[in-house]
Amino acid sequence: MTAPTGAGGTRTALRRNFRRGVWRVLRRKPSRLLGVLILAGFAFMGTVGPLLYPERLPRDDDALYAPPSWEHPFGTDFEGTDVLALVVTGSRYVLLTALVTAVITVVLGTAIGLFAGFRRGRWDTVLMRITDMKLTIPGLPLLLVLSTVWKFESALEMGLVLGLLGWGGVARAVRAQTLSLRERGFIEAARGLGLSTGHIVGRELLPSMAPFIAMNMLIAVTGAVYAQVGLFFLGVLPFEASNWGVMLNLSVFGGGALTSTAALPYMMAPLLAVLLLTLGIVLVVDAMDEIFNPRLREE
Amino acid sequence: MALIGARARPGKTALARRLAGHLARGLVMVLVVTSLSFVIIRNIPGDPIAARYEKLVEQGMSPDQAERATAVLYGFMPQGTVWEQYTDYMAGLLTLDLGQSLSTPGAEVTDMLASAATWTVVPVLAGTLLSFLLGVTMGVYAAIRRSGRLGDLLSISGSLLHGVPQYVLALLLGAVFTTLWPVLPSSGTADIMIEPGLTAEYLGSLAQHAVLPVLTYALASYGGWILAMKSSVVTVLGDDFILAAELRGLSRGTVFRYVARNAILPLFTILALSLGLLFGGAIFIERIFTYPGLGLLLFDSIANRDYPLMGGAFLLITVATVVANIVADLLYSVIDPRVRSGEESA
Amino acid sequence: SGGGAGARPAGGGGGVYTTIDGLRPGIDANAPINPYNPKGNAFRGYNSMWLGWTKNHLTDPNQFYPGIAASWEIAPDQSSITLRLQPGNKWSDGRPVTAEDVKVSIALAYTQGGTAYALDPAAAGTASDVEVVDEKTIKITQSAENPSVTFVRGVMETIIVPAHVWGSLLPADFWDRLKTARGDGADAEAARAEITGLAEKVIAFAPPKDVSAGPFVLERVNPGEALLVKNKHFYNAANVAPDQVKLLNYTGNEQIWNYLIAGRLDNAPFTAVPADVMKRITRTPGNEVVKGYSPVGNALAFNQSRKPYDNVHVRRALAYLIDREQVTKVASPEGGTASVTTSGLHQKAAEAWLGAAFGALEPYRPDPARAEEELKAAGMKKDGGTWTMPDGTPWKMTVHVPAPFSDWVAGAKSVTSQLNDAGIDAEVVTTADYPLYLEELAAGKYDAGFWLVALGPAPYNIYQRLYGAPNGWQLFGGKLKHVAPGKEGNWMGGAETVEVDGAKVNPGELAVKLNSAPEAEQKEIIATLAKAANQDLPVIQMWDYVNTQFVNTSRFTGFPGAESDALRLTSGVWLQLGMIKKK
Amino acid sequence: MITGQGITKTFRQRGAVLGGREVRALRGVDFAVGKGGAVSFIGESGCGKTTLGRIVAGLESHDSGEIAIDGVPMSSLRPRARRPYFRRIQLIHQDPYSALNPTRTIHQALAAPLALRARQTGRPGSWIDERAGELLGLVGLDPGYVLPRYPHQLSGGMRQRVVIARALTVDPEMLVADEAVSMIDVSLRLGILALLRDLRERLGVSVLFITHDVATARYLGDDGELYVIYRGRVVERGPVEAVVSGPVHPYTQSLLSAIPVLHGLEEPGAQRVVPTEPLDEGGPDAGCLFARRCPFATGRCTAEVPVLGAAGGFPQEHACFHPERRSVVAAPAGRA
Amino acid sequence: MPETPPATPDGRAPGVRISGLSVVYRTPAGELPAVSGVDLELPPGTITGVVGESGSGKSTLALSLLNAVQPPGRISAGSVEIDGLGDVVALRGEELRRARGRHVGYVFQAAQNSLNPLKTVGKQLLDLGRSHGVRDLRALVREARELLGRMGLDGARVLDSCQHELSGGMRQRVGIMFALVLNAHLVVLDEPTTALDMITQATILRIVREVHAERGLTTLVITHDLGVVAEVADRLAVMYGGRVVEQGPTRDVLADPRHPYTRGLLRAVPRLTGDIGEARALPGRPPTLGTIPADGCVFRERCPLRMDACETGRPPAVAYGARSVSCHAAAENRAGPEDGGPGTAAGDRDGEDGAEARGGEEVAAGAREEQA
Ligand SMILES: Nc1ncnc2c1ncn2[C@@H]1O[C@H](COP(=O)(O)OP(=O)(O)OP(=O)(O)O)[C@@H](O)[C@H]1O
Ligand SMILES: Nc1ncnc2c1ncn2[C@@H]1O[C@H](COP(=O)(O)OP(=O)(O)OP(=O)(O)O)[C@@H](O)[C@H]1O
Ligand SMILES: [Mg+2]
Ligand SMILES: [Mg+2]
Ligand code: NI
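Residue numbers (the working numbering), protein chains in the order written: chain D, 1 to 299; chain X, 300 to 645; chain Z, 646 to 1228; chain U, 1229 to 1564; chain W, 1565 to 1936.
Don't take each hint at face value.
[To be verified] For lysine to aspartate or glutamate, the following EDC-like pairs were computed, each having C-alpha atoms within a straight-line distance of at most 16 Å: (1) Z:Lys1021 - Z:Asp955; (2) D:Lys29 - D:Asp286; (3) X:Lys354 - Z:Glu1084; (4) U:Lys1263 - U:Glu1429; (5) Z:Lys875 - Z:Asp738; (6) W:Lys1683 - X:Asp538; (7) D:Lys134 - D:Asp124; (8) Z:Lys891 - X:Glu494; (9) W:Lys1683 - X:Asp539; (10) Z:Lys684 - X:Glu407; (11) Z:Lys1124 - Z:Glu1154; (12) Z:Lys1090 - Z:Asp955; (13) Z:Lys784 - Z:Asp722; (14) Z:Lys1158 - Z:Glu1169; (15) W:Lys1683 - W:Asp1724; (16) D:Lys29 - X:Asp451; (17) D:Lys151 - Z:Glu1084; (18) Z:Lys1090 - D:Glu153; (19) Z:Lys784 - Z:Glu718; (20) Z:Lys1041 - Z:Asp1028; (21) Z:Lys1227 - Z:Asp888; (22) Z:Lys952 - Z:Asp1070; (23) D:Lys151 - Z:Glu1085; (24) Z:Lys824 - Z:Glu834; (25) Z:Lys875 - Z:Glu864; (26) D:Lys29 - D:Asp289; (27) Z:Lys824 - Z:Asp765; (28) D:Lys29 - D:Glu290; (29) Z:Lys684 - X:Asp410; (30) Z:Lys1158 - Z:Asp722; (31) Z:Lys924 - Z:Glu979; (32) Z:Lys846 - X:Glu407.
Read the hints as simulated data drawn from the structure, not as lab findings. Model, not experiment: these values are computed from the prediction.
Looking at chain D on its own, in the form it has when it is part of the complex (with noise of 0.2 Å):
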């Protein structure tokens, strides 16, 4: 029997053709390369980024909320610290918390879904009519309202809060998904082949989904910068100078950004910032969803 190795070569050539077929898919549109560009700039700004810089940004006592310049292409900020260092050295925090959330969200949700529809039933009723309630309670407010409870000191911590509020839409959408999958025969087929359900749902349903999480994920991740930036342009998380959120509101609260122009690079660098992050974003979930559809994978 030669099939072994003659299934690993296959499997190589198929790894090869599914990366070509992803490369196809990118050229296929310009756009969906600047995509995978601009969340590969922000991966390097996330993790060398901060390097760049020493720990300590510089400050220039004398120029407060400078205007661009090319020693400063955003300006300065109240203390007269480059802004864009600051966005440079603050992505990493924004990224890594935003990572942790979806992560979490994403974990926490596809369990859920994947519990509730596949043992359906009494749980299935269970979880989905909590499901409900914390789609029905306000996500927003009840951080504001948490905020004042929970000291959100670390990323994980943050990220874990985040995740905890946010595993309600994932869990719904998981779930339909699984109980579409679990009609489909080879989910039925593996049962009455008594294999186990570990090996049900890790080997058979969520490889199926697995495009569907990872599309999922990413959308997270547009989520969590949204939250978490937001919470702290709001103000009710612990400051961090380098923080988006918290330069938005310095400059918008404390600057005046939207009355005068003073402060208004130091609000448009993280402004564009989120803006360029969630672009990037959805240029590669478009891709993806070309990538992952099976249809267009097997030419």
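We have chain D; now place chains X, Z, U and W with the ligands onto it with these hints.
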């Protein structure tokens, strides 16, 4: 329809049954969520009176005066044990009495909510409808041109607007229209110099001040509509009955109406749901444009530890969401004959 | 002593005067015309009157402009005050303003509680007897039990409402019940409960129309504004320039900025303004910025229960390291001036009280070398450019501020940045909102945090911030005791006694004395306390607030100038005193 | 040996609290499938065929009646204990595409149940690949080609063979084939039927075959039995050839009449009966369920319930008061 | 009656001549032909059946008759001449739309879903009437009711029902009603009975025949089921890989299939009578759009009679009386039906792998696939 004899459809009773079930479940949901929020609200640390004292003092009031001004508040604080407060609160709910505000003592919470609601509901409704109409139209266009440049651009911009947080849009619009090119007011509901009344001047000012909030809201939700409509239209276009209609030689207009009506159906549900969310969703916009709606009221009530007001706002939001859910479901069953007959109820 | 208003006939009049009531954001058209109601549509100085208007005096809190009272006599020991009402003053419905109105108003004030009219017999500076001498004269006597210099001020700041509108709210036997309430025992309890029980009724009371003894009467209120018209029965009506006053509603500072930039406000009271916005405001023709004394300061307060802030050398070192000029420039360039010393007083008041002695206070100019000495004296170690605790463990200082106060946040950031430069690991931590901040600060959860000080004008109040309840001194029934740090609200955790000029003093005792001491003794006490504060540094004073008012001279003139003692009074008071003239 | 006795199943529409609709899918079905036997169920859409198949495969519960496997009544066992029994009955799905996980290669699809099997029987890991190849060979596929592929890279016929091979991993005693060939291209359909017949002959696997295409039932083998089911009741049963060549129940006759005639090759049966009334699930439950559509019904048919039995001396059992052989099946043109 | 459009100048069933028709679909791999070079004639008044396996291009062909091939497909060559209409391929816009429904009735492949789910049948009927400018809508409704009654339905009730209230068989009949109600005389039925059960299928087929005869139609029935064609059609065309490989009168083709594919297919159809041992599946797998050979005979991969000529030359359609066959081998053996049969040929070619003879066909296919 005169040409084709109308036949009484079974469904009235089914609809009523559905409604009753929904109402019961909604009531339970409201009770649970209200109790939960009561527990949470009462456990927020921070003394509203001490904070008000310090604020007044910071504004330059002398300590004596500030003390006098805050002493008044003790009478408005909820009395008794937490359990008593809870039962009081729930009993109040039955009579729609939400109590009096702490931060503006003497004001009925219901009145405050009502007056703030105007400033939220009108602009958000306007924004939603605007974006709905625009998004749906563009969504159809994006679906028809989905393989072209323009369709691509439409859907990418839709996704982008959908993904970008509201406050980013609000700040960007603010930066452009109030700072760089100051043609629009950045805060408030109307020019405070203009006497309110049914005058053209005042209404014009109202409209002018509403432009940014409405525009932000419209832009932020527009993306969602365009995406939803596009995918809905694409699905319907792929449905066999559309091809069948074309092959029967139905006029373009009729085919378009078939597509549009079938595609827009699921969107009405989302519309109803999103209208339910509007009671709590505008915190960012209202904070940025200092627009005195429900979001800002809620934000301030939390900052001032105005327990009754907070409770009232939470209740309003919850009820709105629950009601919107019910309406969405009923709406769906009224406009979709498939659901009406109970075929897809399982 | 007493004073009269300048009664020169006004040159021309009329017009609409547009301003903002800084005390009342969010004018509510449905609120009652009720000065006791925080939301009420009674606007101080316009249609709501006090007996007198407190002058913005640096040292003497007992100086007033005339209000309902035309003149007043204060007994030398401040045990009583006799008020003579404005002779020709009438309510806007034409009835005269009488001593009976004042008496009823005082009764109403008792239901609300407050300094001069406390039901608690042990409270300091309370009125014990109210006597109508004649129709225009009334005498109020201070309770002898616990006399206080704040009594006079408390009386003068009494809101006066017409008895023929409000009298019905009071029970006929009110004054008897009050006597009982100021006694002891169960009877007194019941009476007290009865009187406080009236409070809500009073707050909720809604007179059908405005009856004002002030220069203006409320014409109407709508969501955007309150419109007031001149009260022709007002005693000084001839000198009140405008015919109408518009008080604009506002929901945020940005709105005020924009109206100022547009030059549409005749006056706007103090609002925080970013530097760039300030520039744009001043560019508008007619706009002027008037700055004056504001008895409030901002300080970095320490929790001395926490190491190493218990060590005065560490606090001094920090004072040497923080360049307060820079902090002020970053945090509040328009609204504050950097504090020179930590006297516990606003610098202007400090100069007035201390005179030459002020110059002798250590100014803690930025001096890294001195700071290093102090830190070494405290046993702190420097390890590779970073300071550590004496035992070598890391020293991380957290500076707390409430997140919604962006100027404080900026200031705190500047402080930590400067400390970072000096090798001290410091970090700003914000708290979600102010109520939470205050609670946690009081619970001793912070190393150090921003805190308002110098809350004048009364010296007693000023030093209560540093050597009062937050620092462990509590007044119980006239008896002072000092509680241990971390207990019963003592979050500052300072020592009970400090050494000043070689003598041990108890600053808490001294601070309490300020309440009753005559002026000369007050001066001495303040000198001691200022010295104690400046060397012991329970807080480091960061900046002193400036009262920044905006006026526009293109329609009206005669606004108070810089440092005027009328600056902290409302436009309404300026108008009723006849200061403002039509251009 | 698997037997069923009096199996009933009623579906209730969930959700509606009051007056939910009920569908009586099975109304007391008896059957027996011996080792290596072939039993086919035919009937119109909605007659309860799939329901029966799923109940037999242990994927659905039934309301009353008893399923016995090798004489062990399943109702006497706790659900967990039933599993090993039902594992010996494998369901082959109608749609071979959805029956295979599109994200897993054929190798993975086969290895998972085989690994379980290896663990249960203490075989070495190398046995898994060996056995996978063996099984694919058994269903006529080239393991080298098929194993590394994903389902979408195989044709419908190949996929269905893989599904069968996968069912064989657990050494089943019975395959339940629910419309197993209806989604497969005509040119490949016979291959699968032949494979099933072959498995019966060589491995002794019995087959429960569900179809509405009577002709396919013949291809499972000469010794097959045919059950004709109508609205949850068996109306005729007997050896395939006997029923096909001489149906006695009018319903069976209708079904057989409905089979298109290959004009040119065949001539239609002389007595074709095609009912015009559609099937009504909610119709009255009294008497013979087919009576309303039956051209030969009499008063008795609507009043009395006919019982399945051998009355009339036919080789098959039937449930009709007026059994009569009719010539409905098309005959080859040459002989007509 | 609604005013009757003249189906043809003389009011009779129209004839249709498809010639050289090619339809291509744009795919990532370029434009691939789903129908290539099809010549087919539908004589007036006949029922023509087209059979072929899934993906052989039947629906595409049917849609071409209305010039309604959906993007990304397009008709790349050829013409479809319909009496009274001319070349449909050249029709555009309104002209084309009016032809649909009025001249050519189309019964959809998935008639189950060919109705607007939100509207009652009656309302959709009125839409149809208005779209085609029918003035007397009452008469149209009456006509529809009659047609439905003719097909064994309660017309009034059906017109007042929504799609979901009708069963599959009823929907299919409603579909036929829509195709006929405007008096079209050319009717195309694409898989009219797929997904229906046997009895319903028989009913529908009977209706098709009866209506065809009564109204004097020209009918095209598309199906993958040989039995269906054999049951209703006068003429039969067999499609494979986008080409018509054999066509002729149904009886003749079935009795004496000439093309090896027709022969194999016939052999592979399970039957109620006869020796089951003789039946045999075709080896290999049907081609998909991407695997249809561009050149030569499309069937050669699975053909027992494959020869060198099959690799390159496209087999020409050779006429045998009323029939035509496109096969090199058949052209060589003009003399008569070949004996041996495809079954034996296939049997010879399997089996090196030790697989079962009957199971081995796909092995061979697989092996070839791998070389490709
Ligand atoms: N899960 C279910 N819930 C409710 N009703 C069901 C369910 N499954 C089947 N039914 C109903 O039970 C009856 C029998 O269904 P079943 O699927 O067994 O029929 P079938 O003979 O397999 O039909 P087909 O030939 O269409 O596959 C039908 O009326 C069907 O609607
Ligand atoms: N929109 C499309 N895009 C690409 N290829 C298509 C499209 N529609 C059909 N095809 C391809 O064209 C070929 C012919 O399709 P067609 O639908 O005509 O086949 P068919 O014979 O009707 O099949 P079936 O029996 O499955 O209905 C198939 O290979 C199919 O994959
Ligand atoms: Mg079935
Ligand atoms: Mg087709
Ligand atoms: Ni290949």
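Can the restraint linking Lys29 (chain D) and Asp289 (chain D) be considered satisfied, given a maximum Cα separation of 16 Å?
13 Å, holds
What's the verdict on Lys134 (chain D) and Asp124 (chain D), does the C-alpha distance respect the 16 Å limit or exceed it?
15 Å, holds
Taking only the CA atoms, is the gap from Lys1021 (chain Z) to Asp955 (chain Z) under or equal to 16 Å?
15 Å, holds
Against the 16 Å threshold, does the CA-CA distance of Lys891 (chain Z) and Glu494 (chain X) hold or violate the hint?
10 Å, holds
Given hint Asp1028 (chain Z) paired with Lys1041 (chain Z) - CA-CA distance at most 16 Å:
13 Å, holds
Could you grab the alpha-carbon distance between Lys684 (chain Z) and Asp410 (chain X) and see if it respects the 16 Å cut-off?
Cα-Cα ~14 Å, so holds.
Take the C-alpha atoms of Lys1683 (chain W) and Asp538 (chain X), compute the straight-line distance between them, and say whether it is at most 16 Å.
15 Å, holds
Pairwise hint evaluation, Glu407 (chain X) against Lys684 (chain Z), where the allowed Cα distance is 16 Å at most:
12 Å, holds
Given the proposed pairing of Lys1090 (chain Z) with Glu153 (chain D), does the C-alpha separation stay at or below 16 Å?
15 Å, holds
CA of Lys924 (chain Z) to CA of Glu979 (chain Z), is that 16 Å or under?
10 Å, holds
Given the hint that Lys1158 (chain Z) pairs with Asp722 (chain Z), does the C-alpha gap stay at or below 16 Å?
With a Cα-Cα distance of about 15 Å, the restraint between Lys1158 (chain Z) and Asp722 (chain Z) holds, given a limit of 16 Å.
For the pair supplied as a hint, Lys29 (chain D) and Asp286 (chain D), confirm whether the alpha-carbon distance does not exceed 16 Å.
Holds, because 10 Å separates the two Cα atoms, which is no more than 16 Å.
This entry satisfies every hint, going by the numbered hints stated previously.
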